[in-house]
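Same order as they appear, the protein sequences are chains A and B.
Residue numbering for the first sequence is 1 to 164, as defined by the working numbering.
Residue numbering for the second sequence is 1 to 290, as defined by the working numbering.
Any given hint might turn out to be false.
Simulated crosslink set (DMTMM-like; lysine to aspartate or glutamate; CA at most 25 Å straight-line) [what the hints assert, rightly or not]:
1. B:K2 to A:D15
2. B:K2 to B:E16
3. B:K2 to A:E4
4. B:K27 to A:E75
Derived by calculation from the structure, the hints in this document are not laboratory data.
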Amino acid sequence: MFIEMMVNGRRVSGDVPPRTTLADFLRGSLHLTGTHLGCEHGVCGACTVIMDDVAVRGCLTLAVQADGCDVTTVEGLAGDADLSPLQAAFRKNHALQCGFCTPGILTTMHALLSSEPDADEARIREVLTGNICRCTGYIPIIKAVLEARDAYRPTQKVTVDAAE
Amino acid sequence: MKLPDIEYIRPSTLDEAVRLLAAPDAKVLAGGQSLLPLMAYRLAAPRILVDIGRLSELRGMRSDAHGLVLGALVRWRDIENDPCIAAAHPLLREAVSHVAHYQIRNRGTVGGSLAHADPAAELPAVALACGAGIVAIGPTGRRMIEAADFLEAPLTTALKSDEIIVELRLPPWPPTRRFVFEEFVRRRGDFALAGVCLFYDLDGEGRMVSPCVVAFGATEIQQRISMLEEYLAGRRLDEVVCAEAGEMASAAIDAVEDMHAPQDYRRALFGTLVERALIRSMTSGGGHVH
Chain A
1 MFIEMMVNGR
11 RVSGDVPPRT
21 TLADFLRGSL
31 HLTGTHLGCE
41 HGVCGACTVI
51 MDDVAVRGCL
61 TLAVQADGCD
71 VTTVEGLAGD
81 ADLSPLQAAF
91 RKNHALQCGF
101 CTPGILTTMH
111 ALLSSEPDAD
121 EARIREVLTG
131 NICRCTGYIP
141 IIKAVLEARD
151 AYRPTQKVTV
161 DAAE
Chain B
1 MKLPDIEYIR
11 PSTLDEAVRL
21 LAAPDAKVLA
31 GGQSLLPLMA
41 YRLAAPRILV
51 DIGRLSELRG
61 MRSDAHGLVL
71 GALVRWRDIE
81 NDPCIAAAHP
91 LLREAVSHVA
101 HYQIRNRGTV
111 GGSLAHADPA
121 AELPAVALAC
131 GAGIVAIGPT
141 GRRMIEAADF
151 LEAPLTTALK
161 SDEIIVELRL
171 PPWPPTRRFV
181 FEEFVRRRGD
191 FALAGVCLFY
201 DLDGEGRMVS
211 PCVVAFGATE
221 IQQRISMLEE
231 YLAGRRLDEV
241 VCAEAGEMAS
251 AAIDAVEDMH
261 APQDYRRALF
271 GTLVERALIR
281 SMTSGGGHVH
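Here chain B stands alone, though its shape is the one from the complex (with noise of 0.2 Å):
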């Protein structure tokens, strides 16, 4: 469908965004991978767009002792081929091979699909699995909110109407940690049925430490299990731990219902998903194997 009518404005520095947000209806556009088909649905209906894409600023990509910074308008792409990212943070790396298509990873950025907070969307699962920080600038000045308070439904985040996300702060990766990103779409790029993003550290006995389980896709928003964490924490990993684990992975997910897949389905998708993933961990040490 063709896009409603709109106002456009394209800003030359953040603050003049900032400004122009101010207006009532008023929305953010960077890469317009996710807006645009909004608009296009009529499930969006902003009267001004203020296109941020050219603010260099917001570009940035930076790791260090910290941990990994990403700027608002980095793009899949640009994760994807930056070597020093894989190095810093093989999850994210490993999360966004399975962002979309091609033609979108190479327009989509970071913000856009934080700010978006689509419930089958990956970064958004990499970011509460890894306690990060979402920085925001607004009216009156910046702000940083957790990205577990940040997520706050399907669609729906923290976010004010006038704050625009000026950077993602992801922690130190420890090298030696291990972790499986994994989903089930009928398309690859196609948004997930169901995904897992799990990760923990081993202790000298080979059993798990602060085990972290998030589920993306089967439910309504981007959530850590604790219930799998907890009976994770201490284990050492076997193909019987494993099996319970997935078990209760389905047991323990509110799942959602659409006519791409029942409840059910959902359900028992996640928990198989949980249990390849951990079976997967095993052995493919602090990487991934496909």
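Okay, chain A solo, but in the shape it has when bound (with noise of 0.2 Å):
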């Protein structure tokens, strides 16, 4: 079936099979090997992407689910620069060792940060309870996510908006 939707800011398109998940087709189709698969049945979070403003499981969606939709990756998450805040703070906290369930950690947390931006650390530990991480302990993930909220916070923007 032919599919088209935006991905990282692109516009891309592919013939799939039905059975491809959205998942596969980012890594086998587009290349986009950041999402990692761990489990392929919906329970390591590994392969989470954020479509439509929500993260979802990569490997319990289909790509032809995904048609029309607007998909960021691990890849998307930084735009142009060199790493996004809540990257830095993984990075400046060892908020990863093997880096397996890095992508599908940073994709929840941007989507969770981005909608709510003053998660606190409860609500985080939730959240992270649909993600597998074997090496840190989560210990250091809580204090990166934390540490990062100020950047999703909109107090630039209203500075902004106050001054026009």
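The two chains are supplied separately, each in an independent frame; assemble them into the complex guided by the hints.
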């Protein structure tokens, strides 16, 4: 089936068998291999991508279901910068070791903070239960996410609006 | 595992979807959060997926004097984010907070959870406890199925293969009703090893009226524990009653056994949850306290 979608701000299209998951389409057809596949049945969270502003499991979404949608993967988080503020906080706080789960955790936390910039530690912990990390013990991840919250608060935008 | 080969059709109307479902081995796809894992494990092998995910007529939520109506495509996140639901049906709101993980709550739907009928699923427990109706549409029109008749066996419902769930209708929730929704999981969002959904009203003397207790997770299917309901009816709750009810709950269920927990463990766990839930219901008023 022919599908078309926005991925990281770029219009992409492809002809895929309907059984192709969104994660496989991103990795196999678009070569965006930052999206990792762990369990392939919705338990580990490594394949999380952002679809129409919400975090979804890339292995439990068919590519054909994402037809016409706006998708952001870990490759799209930083835009033109080297690292997004969230990614920089992960680096600073050693919030990753092997890095396999990291793309899924970054996309999940980016979606969370984009809609809930004031998420407290309890909320962050609750949402993190959907992502398995076998290295860090989660503590540095939580620290990094808490630290990155400032970048998601609309302070700057409000200042600009007020100046106009 | 990769999914098996499949045909995919995305109808633009509900009628078209019903027509497409008449094909042999066709199955409805909504959020896909239960069906796709089943397909990955080859536990389900439909030939055609009929994707109803974009039928906006199935997305509505409304609350009025007749109760709360949830369209089949209402997602968990929609319920979580709607302050009206928390007021109209606090038990539902509390139950939904236990459903799966963040990413799955962004895609999983009301209709999908009911049609899938996992024994550990929260929504079927709420539907059964509240005496909800499930409206389905098929080639001969619409019909309403009582939740008690709808849930037949693990992963098995009264829904025919050519029917689509349209909406769930929950009766009005009395604001003074006391309730607790409690489950035990190894990791938040995982399938519950055991769970209980209970509510009751109080008469002027503080005695329980029309108590309702539903077990899930520990049993083959969501089920009301009528023996326990009879015991609780007309009693005033105190610690002794709560403890006795817990013991009775343990004895009342036919607990399942699998790789996650043996039968005795689930039985004991269910009793503990019931006792805990009743104790909590004494202090938490109409709502709940974590």
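Satisfaction of hint between A:D15 and B:K2, Cα-Cα up to 25 Å: Within the cut-off at roughly 18 Å; holds.
Distance restraint between B:K2 and A:E4, which requires alpha-carbon spacing of 25 Å or less: Distance ~22 Å between B:K2 and A:E4 Cα, so the pair holds.
Restraint check for B:K27 with A:E75, where alpha carbons must lie at most 25 Å apart: Roughly 35 Å between the alpha carbons, so the hint for B:K27 and A:E75 is violated.
Pair hint B:K2 and B:E16, alpha-carbon separation not exceeding 25 Å: 29 Å, violated
Comparing the model with each earlier hint shows violations of hints 2, 4; every other hint is respected.
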